[in-house]
Amino acid sequence: MPKESPVSTETHNQSDQHGRSDLHWYMGGVSAYFFSGGVQTVLFPWLLVFVLHESAALTGVAQMFAMLPMLILGLFGGATADRKELRRYLMRLQLAAGLAPIALAALYIAGYLSYEVLIGYAIVLAALGAFTMPARDSLLNRVANSSLGGNIQQAVSMATGAQFMSQVVGLLIGGLATVVGAVPLMAAQSASLIVAAVTTMRLPKAPPTVRHAPHEDRPSQLSQIREGIDIVWQNQDLRSVILMMFFAGILYIGVFMVLFPILIRDVYGGDSFEIAFINICFFGGIGVSSMVQTRLRPIKRQGRAIMLAMCSGSIMMVFVHFHPPLWAVYTLALCWGLSSGVSMSQSRAIVQIAAVDSHRARVLSVFQLGMMGGGPIGAFGAGFVIEALGPLDAVLVPSSCMVVLWLLIFFLTNMWKIEAGTGQAAKTA
Numbered sequence: 001m002p003k004e005s006p007v008s009t010e011t012h013n014q015s016d017q018h019g020r021s022d023l024h025w026y027m028g029g030v031s032a033y034f035f036s037g038g039v040q041t042v043l044f045p046w047l048l049v050f051v052l053h054e055s056a057a058l059t060g061v062a063q064m065f066a067m068l069p070m071l072i073l074g075l076f077g078g079a080t081a082d083r084k085e086l087r088r089y090l091m092r093l094q095l096a097a098g099l100a101p102i103a104l105a106a107l108y109i110a111g112y113l114s115y116e117v118l119i120g121y122a123i124v125l126a127a128l129g130a131f132t133m134p135a136r137d138s139l140l141n142r143v144a145n146s147s148l149g150g151n152i153q154q155a156v157s158m159a160t161g162a163q164f165m166s167q168v169v170g171l172l173i174g175g176l177a178t179v180v181g182a183v184p185l186m187a188a189q190s191a192s193l194i195v196a197a198v199t200t201m202r203l204p205k206a207p208p209t210v211r212h213a214p215h216e217d218r219p220s221q222l223s224q225i226r227e228g229i230d231i232v233w234q235n236q237d238l239r240s241v242i243l244m245m246f247f248a249g250i251l252y253i254g255v256f257m258v259l260f261p262i263l264i265r266d267v268y269g270g271d272s273f274e275i276a277f278i279n280i281c282f283f284g285g286i287g288v289s290s291m292v293q294t295r296l297r298p299i300k301r302q303g304r305a306i307m308l309a310m311c312s313g314s315i316m317m318v319f320v321h322f323h324p325p326l327w328a329v330y331t332l333a334l335c336w337g338l339s340s341g342v343s344m345s346q347s348r349a350i351v352q353i354a355a356v357d358s359h360r361a362r363v364l365s366v367f368q369l370g371m372m373g374g375g376p377i378g379a380f381g382a383g384f385v386i387e388a389l390g391p392l393d394a395v396l397v398p399s400s401c402m403v404v405l406w407l408l409i410f411f412l413t414n415m416w417k418i419e420a421g422t423g424q425a426a427k428t429a
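FYI, in this note's numbering the residues of the sequence shown are 1 to 429.
No lab work stands behind these hints: they were computed from the structure. Remember, it's a predicted structure, so these values are computed and weren't measured experimentally. All residues carry an ideal CB built from backbone N, CA and C; glycine is no exception. Do not rely on the hints blindly, as some may be mistaken.
Stated by the list, open to error - Computed Cβ-Cβ distance ranges for the label pairs, DEER-style: (1) Ala106 to Lys205: 43 to 51 angstroms; (2) Asp393 to Gly149: 48 to 56 angstroms; (3) Met201 to Gly120: 45 to 53 angstroms; (4) Arg304 to Pro207: 33 to 41 angstroms; (5) Arg304 to Val179: 39 to 47 angstroms; (6) Pro325 to Asp393: 13 to 21 angstroms; (7) Gly111 to Asp393: 33 to 41 angstroms; (8) Arg304 to Leu222: 35 to 43 angstroms; (9) Leu107 to Arg83: 29 to 37 angstroms; (10) Ala191 to Gly149: 29 to 37 angstroms.
Sequences are here, hints too, so could you generate the full structure?
The structure is reproduced here in structure tokens:
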């Protein structure tokens, strides 16, 4: 049997080292970016509820506007990312996002903070995020191929874990809003976004997989978006997953973005620390769950795992209805987060594996739209439901609706039967 030459062995080792380095830089960028998101998760509702003293209805409207750009621009973000050199493109988006907290801090110091200013700030940050997310998700596949031997499920679980564990750190820092004030937190947001941009630049170049000759007519963005939607709709597995995540977003995101800040203020008499800690429990649960999945064998019955995990949210909300002590609410949020880590990691892995390189960012943007697109609807409705029923009774509305949704998904789609490695291959339109 011929021996492997020292030159080829050395080349292989160098390739492995570069691959591991790429993975570290990518995860560092994810962590820095979502640290800022963790601070934002506490700071934005704290400014609304405790500084501006807005009602539940207006808080819901503000949270709706904060998520609306993903609904409107997410598909354009995917179509744009498929045509860009991803490293430089992502770096520029993160640098631009880093300017937004500085601008808000200047307005805050000058005494111009208002409901309208806060909504405008949230829209700008979310609009940049709508272009950032599909670019980062598309880049993950290239990093996984160079550093993890193409193990997409492990890469997704690692990225999800890094995302939510760094969010937990951001939530901890955001919880200090009452103590340190808003401006230092805005500065921390800006600094972390700049760090995310710097780490992204350490990755190798990621040119588009499909190039057009100078004389060749490029398809319009709308036609490219339509291709991405067609791919998802024609793939039974992708269609089932994204429909499930969209309707779950309507029912669940409003609870976290609107109901919990109002619940903390009006029922438990808490402040920024309590808002931060309930988010820490939830997002920390997602992070721990995702990291544990990287240590286990890949889940085979992915669809079944997602559907069972979705049940837990309804159960947790029913318990909240009975006005448990605050420590029990934290525990319920942690359990909910642990199960959500399964549904988020597995649904994203299904999409990452099914999407082809040439259309990956577009397919991922449809998935992101499915996950977050229901959020504005849920946030808008949650505020008015809370005002009509009160926060403790309002939690029963999404939990009851989830039971109906779960049964419809079970009987009308193939979600329960989706397994790893047996999904349909995504086809270009």
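Against the structure, the hints come out as follows:
1. Ala106 to Lys205: 43 to 51 angstroms: About 35 angstroms separates the Cβ atoms of alanine 106 and lysine 205, which means 43 to 51 angstroms is violated.
2. Asp393 to Gly149: 48 to 56 angstroms: holds, 51 angstroms
3. Met201 to Gly120: 45 to 53 angstroms: Violated - the Cβ-Cβ distance for methionine 201 and glycine 120, about 29 angstroms, lies outside 45 to 53 angstroms.
4. Arg304 to Pro207: 33 to 41 angstroms: Once the Cβ atoms are compared, 38 angstroms apart, the range 33 to 41 angstroms for proline 207 and arginine 304 holds.
5. Arg304 to Val179: 39 to 47 angstroms: holds, 45 angstroms
6. Pro325 to Asp393: 13 to 21 angstroms: holds, 19 angstroms
7. Gly111 to Asp393: 33 to 41 angstroms: The hint (33 to 41 angstroms, Cβ to Cβ) holds, given that glycine 111 and aspartate 393 are roughly 39 angstroms apart.
8. Arg304 to Leu222: 35 to 43 angstroms: The hinted range 35 to 43 angstroms holds for arginine 304 and leucine 222, with Cβ atoms some 37 angstroms apart.
9. Leu107 to Arg83: 29 to 37 angstroms: For arginine 83 against leucine 107, whose Cβ atoms are near 35 angstroms apart, the range 29 to 37 angstroms holds.
10. Ala191 to Gly149: 29 to 37 angstroms: holds, 35 angstroms
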